[in-house]
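J.: One line per chain: the protein sequences are A and B, in this order.
Using our numbering, the first residue of the first sequence is number 1, and each one after it goes up by one.
Using our numbering, the first residue of the second sequence is number 1, and each one after it goes up by one.
No lab work stands behind these hints: they were computed from the structure.
Since no wrong hints were added, every one of them can be taken at face value.
So the derived list for chain A, only partly shown, Cβ under 8 Å to chain B, looks like this: (1) 283; (2) 287; (3) 290; (4) 291; (5) 429; (6) 431.
Below, simulated EDC-like cross-link-like pairs (lysine to aspartate or glutamate); rule was C-alpha separation at most 20 Å, straight line: (7) A/144 to A/366; (8) B/64 to A/261; (9) A/132 to A/369; (10) B/188 to B/41; (11) A/414 to A/251; (12) B/118 to A/369; (13) B/118 to A/297; (14) B/194 to B/45; (15) A/132 to A/120; (16) A/144 to A/296; (17) A/144 to A/129; (18) B/118 to A/296.
Computed from a prediction, not measured in an experiment: that's the story for all the values here.
Cβ atoms here follow ideal geometry from the backbone N, Cα and C, with glycine treated the same way.
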Amino acid sequence: MAHDHSNTPDLSAGNLTGSGLGAHARNLGLAAALLIGIGAWTGYRSGDTQEFARAYVVAMMFVLAICLGALFFVIIQHLTRAGWSVVVRRPAEALMQNLRWMWILFLPIVWMGWTGRLFELFPWADLAEMAKVSPADAALVGNKAGFLNQKFFFIRAAMYFVIWGGISHYLWSSSLRQDRTGDPAISAANRKWSGPAMILFGFSITFASVDWMMSLSPVWFSTMFGVYFFAVCATCGFSAMTLLCLRLQRDGQLKGIITPEHYQDLGKLLFAFGMVFWAYIAFSQFMLIWYGNLPEETAWYLSRQVGGWLWLSWALLFGHFLIPFVLLISRWPKRWPTTLAIGCVWMLVFGFIDLVYLIVPHVPHDVGDFARYSEFAAAHASDSPHLLDPTLLGLTLGMFCLVLSMTMRSLMGKSLLASRDPSLGESLAFQNM
Amino acid sequence: MTTLTTTTTPTTAPSSTATSARLYGLVAEFENPAQIVAAAEKIRDKGYRYWDCHTPFPVHGLDKAMGIQRTILPVLVFVAGAAGCTTGLALQLFTNSFNFTIWALVWVTGYPFLISGKPALSIPAFVPVMFELTILFSALSCVGLMFLMNGLPKLHNPLFTCDRFRRASDDRFFISIEARDPRFYRSKTEADLKSCGAAAVEAVVED
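Using the sequences provided together with the hints, build the complete structure.
T.: Printed below as a string of structure tokens:
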């Protein structure tokens, strides 16, 4: 069509600034306070510190994954000098900039360390306590003490938040500065610094996932784990980003700016990273451990195949991979907002279920011995993953609302479009071939 | 192609050159992408079938202007991928899990093969091969069918005899209409192309 080039979309302020953002931020903030309150109260009342703490880690990792996924998206767009994505970059940046305050979410874990209760979440934090349960495991984990000790653990956590906060603050403020100055040198600088930022991102999320999720069962290890968490970040981040774009457009902004062409590409990213890549690495991790058949590794999977956890494992195979794979493989579901939104919500739900699967089960000790193995399997035959547990759900949904509320707040009074990016024209005219 | 040209070559006097050589078609030159997109819409609406656009770089919206339907290649590739996946599974079931006898050019018998203490039918162990064959079948069928559906490889095209047409890989945009098109009449087609704003229209002969 000839008019594709001549028809410029509405770039007036009315189309580029959100009018309902304040109300969204307030409502979501209230919902967040309520849900986190319910989660914290039920968790406190249950008296089970271990389960409460693990539910908290699920919630924290869920919102971190969303924002880290958005951070990855923004870095990779700069790094590859992507033209198509300029119109969807600001919503991604708004999710990403939450990483500047997310260290606050880590404070409860700092508090656990401060009061000497960190071992209730991370068994390696008190080897004497661990030795009471299993001397063999404690001896094994004792060899990892050079890395898994409380001091270094908190130093590393501080480093992650400095890295994430620093990178996202730099990318967020430079993007906003370009809105005012229109200086193309800002894009060039972003490109230059995105290289080192990507390297730091890769290392930091790998170590963070090892620290906060893998070390929950300190005997177990998987070299695939950092990549697994990256797949979680991509799943949650790309889904949330796409939903945010759809929401802003439904509120009447960015009309004619984000088109089905851009949604199709967002859908492709979600399809590639959230379904195919996730299945690839999740299966790779499983198959190597299954084939190797070493008790210290298989115990982790054993705890996820007893009772209701077995059904959760199957649910992940179908719900995280096969069903959405079929749903989003065609062209039209990625271009039609309704199907794309369903796909994104679906993937967010399964991103959450995946985190529950990774974090909540307790890995058994000393199951190398067949009698212990059978004993454990029999004892946990009626276990089930309490996905609807008010603590787990309240904390996760509450933090999700909190992040959305802060995202909406960050966009108030700002342009919803990186309106003076040098590649804006390319992005507006973008078409899939 | 040859029969069509002899029957449909117009009886009206050709404007200039080579009356003896068989006419391949007409080629019209345009100066910018907007012109060729507008012209393609007109040519499409006049009902021509054997025609094409030649541009030095991809022009957005040209597919739609030409009325080209979306390719069915993705569907075929999906089928090929599913076939690859099934082949991988069947191959391993036969070679590892069961003792069927089947005829594959000669009579062959599979037998259960104990590997690493795993059950003879261990789907997780089969997945890598199923995955690889899925990719292999999809990739090969994607490239192969793309060549086939585009009529490639085609080492020569009569358009290459036209000197003017060489700028199609540089800075000009061309529409070619083949003489075998049922609606092709040299004088009328030439007028059609001119009315679309062609900077020049030239006849191309078979070589």
